[in-house]
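Using the sequences provided together with the hints, build the complete structure.
So the sequence lines, in the order shown, correspond to chains Z and S.
Throughout the first sequence, residue numbering follows the numbering used here, covering 15 to 527 in sequence.
Throughout the second sequence, residue numbering follows the numbering used here, covering 2 to 323 in sequence.
No wet-lab data here; the hints were simulated from the structure.
Each residue gets a CB set at the ideal place from its N, CA and C atoms; glycine is no exception.
Listed next, the in silico SDA-like pairs over lysine to any residue satisfying Cα-Cα at most 25 Å (straight line):
| # | chain 1 | residue 1 | chain 2 | residue 2 |
| --- | --- | --- | --- | --- |
| 1 | Z | K355 | S | K124 |
| 2 | Z | K355 | S | K213 |
| 3 | Z | K495 | Z | R422 |
Derived Cβ-Cβ restraints for the label pairs, each shown as a range:
| # | chain 1 | residue 1 | chain 2 | residue 2 | range |
| --- | --- | --- | --- | --- | --- |
| 4 | S | P12 | Z | A263 | 50 to 58 Å |
| 5 | S | Y289 | Z | F407 | 37 to 45 Å |
| 6 | S | M34 | Z | P426 | 33 to 41 Å |
| 7 | S | R17 | Z | Y164 | 35 to 43 Å |
| 8 | Z | P77 | S | M34 | 30 to 38 Å |
| 9 | S | Y149 | Z | G126 | 56 to 64 Å |
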Amino acid sequence: MRMGIAMDDSLLEVKGVSKTFGGVVRALDDISLAARRNEIVGVVGENGAGKSTLMKILVGVYPPDKGELYHKGEKVPFPKDPKEAAKRGISIVYQEKGVIPWLKVYQFLFLGHEDKYVKFSILQTDKMKKHAAAILEELHVKCDAEAFMYELPLSTQKMVEIARAILSVRLESGEDGTTPIIILDEPTGPLNDEERRELFSDLLKMKKNASFFFISHIIPEVREFTDRVHVLRDGKLVANYDFSEEKIAEEDLFRAIVGRESSEYISKQEVKGVDRGAVGLTAKNMTKKGHYYDISFDLHKGECVGIFGPAGSGKSQIIRTIAGIMSFERGELIVKGHKLKASAPPHVRLRSGIGYFSGETGKELFFNWPIVKNISIVNMQKILGKFMPVINFNAERKMAQRIVHRLRIRTPSVNTDCYSLSGGNKQKVSVGKWVERKPDILLLDDPTIGIDVGAREDIYEVLSEMKKSGISMILVSDDPKEYSILCDRIMFVMDGRIQNVLGPDEFRKVVGI
Amino acid sequence: MKRSSGNRLIPPVIIRTLKNQPVIIALIAVFVMFSILYPDRFLSLLNFKTILRQFVTLTLFAMGPSIVVVTGSLDLSYVGIWMLGGVLVWLCMPVLGLFSILVILLLGVATGFLIGVIQAKAKIPSFILTLSLLVTYWGLTAKLAGGYPRIVRGFEFITAPLIPYIPTAFLWSIPIIFAAVFIMKYTRIGTYLYAIGSNEEGARLAGINVDKYKILAFTLSGLFTGIGSMILFQHLGGSTPVELKLNTLVWPLVAIVLGGTPLMGGSGGPQRTILGALTFTVFYRGVYLSPLHPYSIQLLVGLLLIVSITVSARGLKGVTIT
Ligand SMILES: Nc1ncnc2c1ncn2[C@@H]1O[C@H](COP(=O)(O)OP(=O)(O)OP(=O)(O)O)[C@@H](O)[C@H]1O
Ligand SMILES: [Mg+2]
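This is the structure we're talking about:
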């Protein structure tokens with residue numbers, strides 16, 4: 015595939031990059047692409063397609079097996095580490111969480127570059143704070159340089175990470191050296207709609223003096239905000255689109271990514287909730303001051319109830335309360351006729367049939383464990399012998415293989431350690447263990463962050479099947495579409511109170527999808 | 002998918018084992034080295050017997066704590082249980098007769114349970130907690146014994162020779178080792194303990210009663226230390242020790258860490274501790290036979306601990322926030 019890019023125009027170009035992990039996993043196969051000045055280049059593809067690997071090669075986390083790198087038309091060696099990449103103007107915001115919560119914003123911004131602010135072996139914090147404030151101002155990041163990272167909303171944290179990436183380029187390559195090339199690996203995953211818009215308006219401003227590689231699984235935002243897009247599949251470059259030359263329909267991009275037609279799962283979903291089963295869970299006037307007030311609802315067998323609302327509406331707190339991570343102050347929570355204590359932790363909830371999927375892979379997964387163990391951890395009783403409480407390793411492996419197959423997890427084997435999986439496949443392992451467990455009530459807190467468009471349909475299908483078999487669900491998500499696909503009822507929450515309860519059709523009308 | 006042509010000379014099983022248990026390489030290395038350096042003294046039956054004796058001591062002390070280390074905590078109470086237990090046996094002997102040896106077992110379980118409860122509920126770092134307890138037990142031991150080692154007779158049967166050149170304590174330790182490895186590898190308890198050490202919040206989200214299993218870990222540790230100390234009581238002389246020796250405390254820790262169980266938990270465990278104990282014993286016997294001054298040996302042991310802590314800390318993969 016030829017790229018029609020004039021040499022002088024391209025800022026960074028890779029040619030024929032290949033990468034294999036451990037001699038078995040072919041992560042990248044002969045990839046060539048480029049970034050020009052002042053543009054946002056989208057990189058899309060399925061989970062495990064090789065996006066993150068390619069980007070990590072650009073910043074020197076991994077060496078490529080083969081390939082060439084051109085910077086401003088000049089052939090250069092691949093960087094050996096992120097610091098060297100920064101000298102050449104390339105910096106990355108990683109997919110997995112890279113924020114250190116207990117650092118102050120200015121400390122985090124200059125982390126690893128403190129040597130530039132040392133005088134007589136004393137750190138000049140005043141100077142750092144001043145510079146940090148100036149940078150934040152220049153890049154339109156609205157936050158205090160002396161705030162702690164954990165105090166900031168997620169979108170601002172992301173912005174600070176991006177600012178840090180730009181800053182590291184400037185510090186390492188000399189103040190007004192090259193145009194920085196910033197790699198954003200799924201920056202919008204954990205953000206909600208509002209935060210996303212904010213991030214993009216800032217990115218478009220920053221574009222005036224930087225170029226971006228932008229990875230995302232959210233097709234509409236890729237179409238709207240990137241200038242060009244490269245599609246990877248199975249480590250190969252399968253398509254390139256230039257949005258300035260042609261208009262690309264959402265379906266075309268979907269097909270290019272997944273390699274098949276959309277199953278249109280989203281639109282042909284049948285009308286649900288015809289006959290409701292028995293009540294599985296009842297909340298009565300649940301209240302936690304400052305978070306939510308008087309939350310009352312019934313959850314029936316085989317029903318999915320969505321809790322929808324803007325950021326800060328209390329929806330996450332409500333689902334976390336039901337999961338047993340937060341406690342409530344007033345009201346009741348009744349499961350199968352039994353009152354649950356407000357402070358009962360997750361293992362007590364699980365005993366009464368409530369499973370909680372937090373959607374935060376970093377929290378849920380045991381990274382140094384193989385997939386098998388990550389799946390069996392909540393399914394122990396299924397794999398213990400009948401007479402002796404001894405683990406049946408054969409049953410354990412079969413169980414994991416079933417899930418890997420069902421959710422199409424891309425991995426060489428079920429014994430692969432989870433840290434080496436791609437971001438989306440990690441997420442699939444996390445959700446897979448609950449699919450296997452089949453709790454009576456499954457709480458889903460943003461279940462599809464970082465999961466590619468095709469796989470998302472697979473997961474919706476699996477969840478719908480579970481629902482049909484009588485499992486109840488409560489959903490919280492940042493994606494309104496998800497509610498309309500999965501939910502029978504959607505509770506609209508604002509300022510911690512239920513404002514309205516909508517059916518899926520009404521909901522679609524209200525949010526306009 | 003392409004498979005790289007691997008080394009056909011060495012069977013994959015062996016490669017995998019060596020990858021998982023790199024300490025085996027160290028074991029072979031020190032063994033070969035000292036066999037070449039001191040062929041007649043190192044490769045003697047007497048030396049093998051001594052190695053086995055020391056191995057048993059280390060293993061029985063380290064088995065319990067290595068269960069706790071898997072959860073990411075630390076349990077230093079083992080020496081305390083052994084010391085105080087010995088004195089209690091001496092005190093109870095006139096009343097309970099031979100049954101008094103079981104006091105050590107009770108003390109072990111009770112101590113472990115107590116530490117577990119305090120640690121889980123009060124959230125005190127286990128290192129400080131168990132260290133203070135160790136010092137307390139030591140003081141109590143010296144006080145009860147009146148400051149002198151007390152000899153207790155009647156338990157010689159525990160170490161009565163059965164097979165020539167094989168210390169009987171070694172035979173006792175085999176089922177104990179098997180039980181510990183079995184619990185950690187083949188049961189739900191073991192899996193949950195690894196889970197807690199690997200990612201405590203993840204374990205909690207997966208519906209594991211973290212506090213309960215932490216208490217269980219310490220109780221198991223106390224149980225294994227209790228059983229081990231019953232044997233060690235006789236194995237180490239049949240008298241009540243009143244001096245706390247640093248080596249008794251440090252060597253089992255070296256065995257645990259050298260075996261490849263990182264102190265932050267999540268991997269390793271009893272099966273590695275055995276290898277660590279064996280490697281350390283062989284190493285120690287080797288340098289012991291060498292003309293090195295005892296102080297230099299002490300220095301070497303310290304360095305070994307530092308190196309193995311550093312190496313085993315890297316065992317925790319997946320921390321790839323590069
Ligand atoms: N350190 C590693 N060791 C072994 N295999 C790896 C490693 N890193 C990535 N892989 C494998 O390389 C392939 C590509 O992974 P990569 O992370 O680049 O995917 P991705 O396109 O970023 O996917 P996602 O959208 O899920 O983040 C996957 O099959 C993954 O399992
Ligand atoms: Mg990725």
